[in-house]
Structures are given as C-alpha cells and as structure tokens.
Amino acid sequence: MSQIVLNDITKRYADGFEAVKDMNLEIQDGEFMILVGPSGCGKSTALRMIAGLEDISGGELRIGDDVVNQLAPKDRDIAMVFQNYALYPHMTVRENMAFPLKLAGVDKETIDSKVGEAARILDLDQHLDRKPANLSGGQRQRVAMGRAIVRDPKAFLMDEPLSNLDAKLRVQMRTEVARIQNELGTTTVYVTHDQTEAMTLGDRVAVMRAGVLQQVGSPAELYSDPVNLFVAGFIGSPAMNFMPAQLDGDTAKLPIGEVSLSPEARAGAGGGGGRQVIAGLRPESFEDAALVGEARSRGTTFRAKIDLVESMGSELYAYFSTEGGIESEELAELAADSGMEETPTSGQHTVVARLDAASKVKRGEEAELWVDSTTLHLFDPSSGRSLAQA
Amino acid sequence: MQHRPREYAFWSIGMLIVLLFALLPVIWIVMVSLKPPNQITTGPGISFSDAFFPQDITFKNYETLFEGGIDQSPFIKPLINSIGIALITTLVAIVLASFAAYAIARLNFPGKTLILAGALAIAMFPAISTVGPLFDMWRSIGLYDTWPGLIIPYLTFSLPLAIYTLVAFFREIPWDLEQAAQVDGATPFQAFRKVIVPLAAPGVFTAAILVFIFAWNDFLFAISLTSSDASRTVPASLAFFTGESQFTQPTGNIMAAAAIVTVPIIIFVLIFQRRIVAGLTAGAVKG
Chain A
1 MSQIVLNDIT KRYADGFEAV KDMNLEIQDG EFMILVGPSG CGKSTALRMI
51 AGLEDISGGE LRIGDDVVNQ LAPKDRDIAM VFQNYALYPH MTVRENMAFP
101 LKLAGVDKET IDSKVGEAAR ILDLDQHLDR KPANLSGGQR QRVAMGRAIV
151 RDPKAFLMDE PLSNLDAKLR VQMRTEVARI QNELGTTTVY VTHDQTEAMT
201 LGDRVAVMRA GVLQQVGSPA ELYSDPVNLF VAGFIGSPAM NFMPAQLDGD
251 TAKLPIGEVS LSPEARAGAG GGGGRQVIAG LRPESFEDAA LVGEARSRGT
301 TFRAKIDLVE SMGSELYAYF STEGGIESEE LAELAADSGM EETPTSGQHT
351 VVARLDAASK VKRGEEAELW VDSTTLHLFD PSSGRSLAQA
Chain B
391 MQHRPREYAF WSIGMLIVLL FALLPVIWIV MVSLKPPNQI TTGPGISFSD
441 AFFPQDITFK NYETLFEGGI DQSPFIKPLI NSIGIALITT LVAIVLASFA
491 AYAIARLNFP GKTLILAGAL AIAMFPAIST VGPLFDMWRS IGLYDTWPGL
541 IIPYLTFSLP LAIYTLVAFF REIPWDLEQA AQVDGATPFQ AFRKVIVPLA
591 APGVFTAAIL VFIFAWNDFL FAISLTSSDA SRTVPASLAF FTGESQFTQP
641 TGNIMAAAAI VTVPIIIFVL IFQRRIVAGL TAGAVKG
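Line by line, the protein sequences give chains A and B.
Using the numbering used here, the letters of the first sequence map in sequence onto residues 1 to 390.
Using the numbering used here, the letters of the second sequence map in sequence onto residues 391 to 677.
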C-alpha cells in the first residue's frame with residue numbers, strides 16, 4: 001500500500017504521436033482513483049505505464065517512495081486486472097491465483113491459506129479446481145481479481161475490468177469491486193470509459209481527453225463544477241444540455257428564453273454585455289412548471305413542444321428541440337464517442353429534461369417547463385473553459 | 391446439425407476409400423514381409439487372395455534382420471542411428487525454432503521479415519543441390535559418416551518448417567497472458583516457460599511430429615553423406631541388404647524392415663496427437 005505519483009508523465013510513440021501529455025496526478029495511499037475518458041484518450045496507456053507494460057517517454061513515476069520508471073513490471077509490486085481477464089487457461093482457478101505467490105517463492109502453506117482467503121472473499125471456494133474455460137464471465141472476472149488480491153501488492157491496476165460483463169452482472173460486480181477495495185484498503189487505479197462506473201466507484205475521478213488530463217476531483221465536484229465543456233458533457237447521464245447564450249447584464253438569452261444569472265455566474269462572466277457563451281443545463285435543472293412550488297422564483301418558465309417522453313417509473317425524460325446548435329470541437333468529440341454524430345439534427349438541438357414522475361406532459365403537446373437558473377453553467381465558446389472557474 | 395443416414399453413408403464410404411488408398415501399400419508390405427521367400431514372387435494363374443495373403447505365415451524375415459546381434463545384424467545399428475538422429479534433430483530444432491518463433495511473433499526488430507523470408511527460401515531450396523557441396527565439405531572437415539553430419543543438414547531444412555508452424559501458433563496466444571504473467575512477477579523467461587510454452591504445446595508437438603517425420607524418412611542425405619553403419623539410417627541401409635545368395639533378392643527382409651520403421655512413427659504420432667487438442671487456450675480471455 002502506498003501512494004502513486006505521476007510527474008509530467010508523457011508517452012510518445014515512435015511516429016511522434018503523444019498518447020499521454022504531461023500528466024500530473026497524485027494518487028493517495030488507499031485511494032480509489034478512476035481514470036475515465038472516451039476511447040483513445042490515453043487512459044489505458046497511462047495505466048500501462050504505471051504497470052510497466054509501456055515505456056515512459058518522459059516524466060517521473062513514483063510508487064511509494066521509489067522512482068520506478070526503469071523497473072520491470074515484476075519489480076514494481078503491483079497487480080493488474082485485465083479487461084479480458086487474461087487467465088492462464090492451462091491452470092486451475094487455484095493455480096491461477098497461486099501463480100504470483102509461487103513466482104515470489106512463498107512457501108506452500110502460506111499460498112494455500114492466502115488463496116483460500118481470497119477465494120472466500122470472492123466466493124470462489126467451490127470453483128478452485130476448475131479450469132477457466134468452464135467458468136462463467138463473472139466467475140472469470142472474480143478469478144482475475146483473486147489473482148490480484150492474493151499478493152497484497154502496493155496497488156491494484158484495473159483496466160476496464162467490467163466491460164466484458166453483461167449489464168446486470170456489471171452492476172453487481174461494481175459493488176463487489178467497491179466492497180473489496182474498501183475491505184483491503186489498497187491503492188487502486190481503475191480505468192473505464194463508462195462515466196457511471198467512474199461516478200459510483202471512485203474516491204476521486206480523473207477525466208482525460210486526447211492524452212490530456214482535464215480535471216481531477218470527487219464525483220460530486222466533477223458533476224457540480226466541471227472545468228470545461230468536455231467534462232461537463234462527459235459526466236452525467238443523460239448528458240448536460242448545451243445551447244448558445246448571449247449575456248446581457250444580469251441575464252442570459254437562451255433559445256428557451258431569458259434566464260437571470262446567479263451572482264456567481266455573473267462574477268465569472270465578467271458582466272460583458274452582448275458576449276456569446278455556451279450555456280449548459282443538466283436535465284434535472286428542468287421541471288414541469290405545474291409541479292414547482294416556491295422555488296419558482298429561482299428560475300424561468302418557458303413553453304416547449306415535447307417531442308418524446310420516456311418514463312423511467314421514478315422520473316420522466318422529456319425531449320424537446322431548440323433552435324440553434326453550437327459548434328465545439330469538444331462536444332463533437334463527445335458526440336462521436338457516444339455514436340450521436342450519425343443522428344440527423346437538421347439545425348435543431350434536442351434538449352433532455354428530467355421531470356417528476358407526476359408530470360402530465362404528453363408527447364407531441366406543448367408544455368410549460370421551468371428551469372432552475374441557479375444551476376446554469378456558462379462556458380467560453382472558444383476555449384471551452386467554464387466561466388465559473390475564471 | 392442432424393446427420394441424415396444418406397449423408398452418414400456418403401461420408402463413411404468416402405473415408406473408407408481414402409483409408410484404403412492410404413493404407414493398402416502398408417498392408418501389402420506387412421503381407422509380403424510375412425511370406426517365405428518362395429512365395430514372394432508368384433506366377434500367373436493364382437487368385438488375388440492367394441497372391442495377396444501369405445499362404446504360410448513366417449517370421450523368418452524379421453528374425454534375420456536381428457540375427458547376429460548388434461555387430462552382425464544389418465538392421466539394428468541403422469535402427470539405432472535412425473532413432474538417435476531423428477530424436478536429436480527434433481529436440482534441437484524445436485528448442486531453436488521456439489525461441490526464434492517467439493521472437494518473431496512477439497517482438498519488433500529490424501530484419502524480422504528478412505528472417506522469415508530467408509527461412510522460407512531455405513525451405514524451398516532443392517535439397518539435392520546441397521548434397522554435392524556438403525559431401526565435399528563434410529569429408530574435409532571430418533563430418534562425413536557421422537551423426538552430426540546428418541543432423542546439421544536435417545536442421546537446415548526442418549528449422550524453417552518448425553519456425554513457420556510455431557510462429558502461427560504463438561501468434562494465436564493472447565499477448566495479455568504474457569503481460570499478466572509479467573505483472574504477476576515473472577521474468578520474461580519465466581513468462582515464456584510457464585505460460586507461453588504450455589499454451590503453445592499443441593503447436594510444439596505439431597512441429598515436433600513434422601520435424602521427426604522429415605528426419606526419419608530422409609533418404610537423400612542418408613545415402614549421400616554416410617558410408618558405413620556408423621551413421622547410416624534405416625532408409626539408406628535397406629538398399630544394402632543382401633539376399634541368402636547373390637541370386638536372391640532380399641525382398642522379404644526389406645519388407646520386414648519397412649514394416650518395422652513405420653512403427654516408431656505411428657507411436658510418435660499417437661503419443662503427441664493426444665496433446666494436439668484444439669481449444670487449449672479456451673477460457674483465457676473473453677471474446
């Protein structure tokens with residue numbers, strides 16, 4: 001158990017491509033750190049550099065008190081769980097889990113007790129003498145975890161360990177992973193592209209994009225104070241709605257209507273009259289105007305034609321369109337990652353609102369909605385930076 | 391899939407024909423080897439079954455092969471030579487080829503394609519054109535009529551074969567397994583020996599069988615680069631068998647020897663074939 005420090009870590013390939021650029025990250029002892037980002041953002045490369053499977057082109061990596069840049073994976077005392085589990089197919093579950101201990105020259109009794117303990121934690125007792133080929137996906141995943149935890153390493157590295165499981169099992173294993181990490185208190189670096197996983201699992205989350213670390217913070221911080229458009233759009237499901245806005249003194253003119261700015265937002269925006277910005281509103285910032293009580297004064301009501309209503313039981317997702325899209329490289333990348341770029345929008349922009357289940361909005365009908373203006377996020381259209389951070 | 395009776399019959403007949411075609415010569419060799427000398431050549435007017443099956447079964451042909459012990463027998467020394475040379479060739483070829491194939495499958499180094507292309511070129515090189523120079527070279531450096539004198543050319547021609555087979559098998563093994571082993575604390579060599587080799591076993595055995603059969607069956611080098619029982623292998627020694635008198639052909643003895651030399655091949659294949667099971671890497675990785 002120890003902390004991991006990345007100091008200006010860079011990965012440059014032979015062809016000059018930089019997969020990770022000057023990454024600085026301090027992972028505390030016992031912390032559960034999530035690296036999250038769309039595919040190709042360099043999160044796996046960063047993890048593999050920590051593991052030693054990938055050479056570090058520049059910067060300094062410390063595990064505990066030692067600089068480990070030049071150490072082979074076996075000398076770094078870390079354990080890794082691979083996306084495809086990478087179990088040794090010619091060994092039984094017991095042998096798989098005992099393998100790292102055997103290599104370390106641990107005596108047989110200790111091996112037996114440690115494997116037994118790991119099997120108990122992971123509920124694998126009955127499967128110890130089976131081969132990986134005869135196990136289900138979830139069981140294989142647990143064996144891979146077991147192989148990591150028997151050794152009591154300085155850190156666990158997990159490379160999208162749940163992405164090969166089906167949806168239901170994934171949720172189940174997610175709590176399992178959190179429980180095990182909590183029980184063992186081992187420093188963990190966990191790579192995923194799934195922001196839900198990132199939000200639910202991590203003590204802290206590091207969002208990456210194109211090799212650059214965007215923001216590091218607790219899930220709540222990332223959610224409420226994203227530093228830029230990318231983080232704002234990536235974190236949260238359904239994603240934040242973006243629309244063009246024109247600042248005018250105390251108000252911002254949005255396609256859905258005029259919204260008064262909170263004092264903080266006004267301070268961040270610098271009061272520049274007539275300035276074009278990008279406004280971001282989370283789906284839960286909206287509500288059916290009929291269901292809003294005294295909070296009504298905090299926001300603005302507007303009318304919109306509802307295109308589609310999805311009922312989740314506990315809440316409703318109402319979709320409506322606004323005029324005027326926005327051009328942003330970061331948002332385009334997010335759209336590409338989620339496969340949205342193919343959807344024809346014809347100059348219109350779809351907004352998702354999360355409404356109370358009691359709402360009576362109907363598909364195809366006009367409804368009066370309310371938006372909480374205190375939750376408005378404003379971003380600089382050219383740099384993408386949040387104006388609240390200025 | 392359902393096998394309908396007609397389909398089943400069709401495949402059965404097909405396999406029977408192929409089996410007969412392949413095995414008939416072998417059966418014939420065994421039949422002839424069991425005949426006494428006077429029945430080996432038969433005149434016209436004899437039915438097929440009388441000509442094919444021995445009228446009086448005798449093991450005399452086999453006995454004469456081993457008569458006189460190791461010094462006198464025309465067969466024991468060559469048999470030992472054959473087994474020794476083929477096994478050593480197989481062992482050396484597999485060890486060298488697995489190292490080479492592993493490097494080719496896993497590493498990026500300059501000249502990788504050159505090595506593969508060179509191996510292929512050697513494999514396609516006609517063996518007969520190397521025999522003359524080898525004969526001269528071996529005589530001047532003292533390798534003529536020795537075991538190494540045969541093992542070296544066998545390696546030349548079997549290594550490319552083994553490397554190609556093994557590269558294909560090594561490429562099938564997921565990279566992640568090796569990296570997992572390294573993270574688990576294995577040195578690169580331990581990762582190779584404890585994870586990759588066991589998984590590549592089917593490939594290793596396939597290559598071993600191919601190399602063994604090549605070395606075992608070779609006649610060209612064996613007849614050209616040997617001059618005595620010191621290193622002459624069975625295929626070459628068959629040509630030196632003598633009959634009871636100078637007017638009798640040693641056909642029966644040759645057939646008996648031919649029947650015996652097929653046995654090690656069959657044993658070799660039967661042992662290793664059990665290891666060549668498909669899907670050994672099943673369950674390693676998802677997908």
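Wrong hints could be hidden among the right ones.
Unchecked claim - With a straight-line cut-off of 30 Å between C-alpha atoms, the simulated DSSO-like cross-links for lysine-lysine are:
#, chain 1, residue 1, chain 2, residue 2
1, A, Lys305, A, Lys360
2, A, Lys102, B, Lys584
3, A, Lys131, B, Lys467
4, A, Lys108, B, Lys584
5, B, Lys502, A, Lys154
6, A, Lys168, A, Lys108
7, A, Lys114, B, Lys584
Hints were generated in silico from the structure; no laboratory data involved.
Going down the list of hints, with the structure as the test:
For the hint pairing A/Lys305 with A/Lys360, the CA-to-CA distance comes to about 13 Å; that is within 30 Å, so the pair holds. For the given pair, A/Lys102 sits about 11 Å from B/Lys584 by alpha-carbon distance, which is consistent with the 30 Å threshold. Between A/Lys131 and B/Lys467 the CA atoms are separated by roughly 47 Å; this puts the pair beyond 30 Å, and the hint is violated. Restraint check: the Cα-Cα separation between A/Lys108 and B/Lys584 comes to about 18 Å, which is no more than 30 Å; the hinted pair holds.
Using a Cα cut-off of 30 Å, the hinted pair B/Lys502 and A/Lys154 is violated, with the two alpha carbons roughly 38 Å apart. Taking the CA atoms of A/Lys168 and A/Lys108, the gap is near 38 Å; set against the 30 Å cutoff, the hint is violated. About 21 Å separates the Cα atoms of A/Lys114 and B/Lys584, which keeps this hinted pair within 30 Å; it holds.
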